[in-house]
Amino acid sequence: MAGGGFAAAGAPSGDYGGGITFSVVVTCLMAASGGLIFGYDIGISGGVTAMESFLEEFFPGVLRRMAAARRDQYCVYDSHVLTAFTSSLYLAGLVASLAAGRVTRAVGRQAVMLAGGAFFLAGAAVNAAAVNIAMLIVGRMLLGFGIGFTNQAAPVYLAETAPAKWRGAFTTGFQLFLGIGNLAANLTNYGAARIPRWGWRLSLGLAAVPASVILAGALLIPDTPSSLIVRGRAEQARAALRRVRGPKADVDAELEDVARAVEAARSNEQGAFRRILGREYRPHLVMAVAVPLFQQLTGVIVIAFFSPVLFQTAGFGSNAALMGAVILGAVNLGSALVSVATVDRYGRRPLFLAGGLVMIMCQVAVAWIMGSQIGRDGESTMARKYSVAVLALTCVFSASFGWSWGPLTWVIPGEIFPVEVRSAGQGISVAVNLGATFVLTQTFLSMLCSFKYATFIYYAAWVAVMTAFVVAFLPETKGVPLEAMGAVWARHWYWGRFVNVQQQPPPKNTDALIN
Numbered sequence: 002m003a004g005g006g007f008a009a010a011g012a013p014s015g016d017y018g019g020g021i022t023f024s025v026v027v028t029c030l031m032a033a034s035g036g037l038i039f040g041y042d043i044g045i046s047g048g049v050t051a052m053e054s055f056l057e058e059f060f061p062g063v064l065r066r067m068a069a070a071r072r073d074q075y076c077v078y079d080s081h082v083l084t085a086f087t088s089s090l091y092l093a094g095l096v097a098s099l100a101a102g103r104v105t106r107a108v109g110r111q112a113v114m115l116a117g118g119a120f121f122l123a124g125a126a127v128n129a130a131a132v133n134i135a136m137l138i139v140g141r142m143l144l145g146f147g148i149g150f151t152n153q154a155a156p157v158y159l160a161e162t163a164p165a166k167w168r169g170a171f172t173t174g175f176q177l178f179l180g181i182g183n184l185a186a187n188l189t190n191y192g193a194a195r196i197p198r199w200g201w202r203l204s205l206g207l208a209a210v211p212a213s214v215i216l217a218g219a220l221l222i223p224d225t226p227s228s229l230i231v232r233g234r235a236e237q238a239r240a241a242l243r244r245v246r247g248p249k250a251d252v253d254a255e256l257e258d259v260a261r262a263v264e265a266a267r268s269n270e271q272g273a274f275r276r277i278l279g280r281e282y283r284p285h286l287v288m289a290v291a292v293p294l295f296q297q298l299t300g301v302i303v304i305a306f307f308s309p310v311l312f313q314t315a316g317f318g319s320n321a322a323l324m325g326a327v328i329l330g331a332v333n334l335g336s337a338l339v340s341v342a343t344v345d346r347y348g349r350r351p352l353f354l355a356g357g358l359v360m361i362m363c364q365v366a367v368a369w370i371m372g373s374q375i376g377r378d379g380e381s382t383m384a385r386k387y388s389v390a391v392l393a394l395t396c397v398f399s400a401s402f403g404w405s406w407g408p409l410t411w412v413i414p415g416e417i418f419p420v421e422v423r424s425a426g427q428g429i430s431v432a433v434n435l436g437a438t439f440v441l442t443q444t445f446l447s448m449l450c451s452f453k454y455a456t457f458i459y460y461a462a463w464v465a466v467m468t469a470f471v472v473a474f475l476p477e478t479k480g481v482p483l484e485a486m487g488a489v490w491a492r493h494w495y496w497g498r499f500v501n502v503q504q505q506p507p508p509k510n511t512d513a514l515i516n
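In terms of this note's numbering, the sequence shown is numbered consecutively and its last residue is 516.
Hint data in this document are derived by calculation from the structure and do not stem from the laboratory.
For each label pair, taking beta carbons as the anchor points, the in silico distance ranges come out as:
| id | residue 1 | residue 2 | range |
| --- | --- | --- | --- |
| 1 | Gly192 | Glu281 | 52 to 60 Å |
| 2 | Gly335 | Val472 | 22 to 30 Å |
| 3 | Gly62 | Leu278 | 41 to 49 Å |
| 4 | Leu64 | Tyr459 | 22 to 30 Å |
All residues carry an ideal CB built from backbone N, CA and C; glycine is no exception.
Whenever a hint applies, use it, and build me the whole structure from the sequences.
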């Protein structure tokens, strides 16, 4: 079958006698706060591009189209330069995420998160002081470097630090903080829009707050035991593991399993990007590309970025559209809490499947409403009750994404890679995520102008494809220790032909794994 748990001889049990300690909670919360900067940027971009003071300063052509007596509602915001303001960040993030894999192996995950926070802080300062489009783009690229580094390091940090039994809940903390950052950004936009002329500067400048949080958090936490062992710091690794596992845990046994996994990979630590292209890593490479790509093809990222623009297209005024984005952010945050509570109880696959089915229904319904009310020419005005229905359906869509593809896109890549390709694999995953985000944010407004309401049918079709992919090819990884993940792929009906779990020496802790 495509999913399920397996008993693997020679695999670690994942139960070393430790539990959820105060230290592991604090450490994981600090690491998960890396999601704040990504969430804040997602929320702030769409709101700022809907502010008249910002458009008047940098994009007066959009304002002229808004003032036109007859206008195509789908095409008002169709400006490649305007979308470049949003999408340039993700091109820079793609480059940074690929470089971060090599940097991580040299200096550790904690240092990479510090660098990410510093880049984001610098980008916030440049954007707040911008006087022309060039400064805006430079600031966005600095923000992109920050997000690329942080998104590469934080999810893997969480996966390597959290106890196996609760790894899903702790790793979804990244999405939880992303939701907090998104909601904070939407609230900031709603207030800043009432400040004439410089409200947009306040929105962009306050990105320094989440950047400061991740900087402070990264300074207060140790590096992960796995990262320390890779760099030959065994005693520091033991101390870090004891700190997060507590006095009752069998730290020596767990550390030995981690060390053996690292030692088995040490001869292959050079050329990790080339190695992950090998046949034995085929399932890992496919998931590193498919999972983040599919997340973007749900369409949620463009809805999150451009929700104020979308709600204006659906008939809301400027302030009402910003409030709609606030509501959407609150729903997204609440659904992330649902994921935290359920991901280790029910597993990854059920959340993927339930979320996919709901998203398909919501997108088809939104397409039907916009097609029947605004029409193909985009010159009709949508009745208030239908605008509210679009908002409600978008919220349900956001909620279903928030318990499925939202958090699980960070959970799955963070836990499936063997240690010898873990940094490279996570780097590829983040690069695909940011690269797809760049393409979609750069093209969404043009797509909306060309496809009209069928844009949502396009994304619904992709959600159907990715849901089928999960059914067929994604095994269940709930509760499986990182060092035993090879057994999951070896027993899969399709991936088993590529993976030979016996190629690596088994850890000494040989309790059976029952998932």
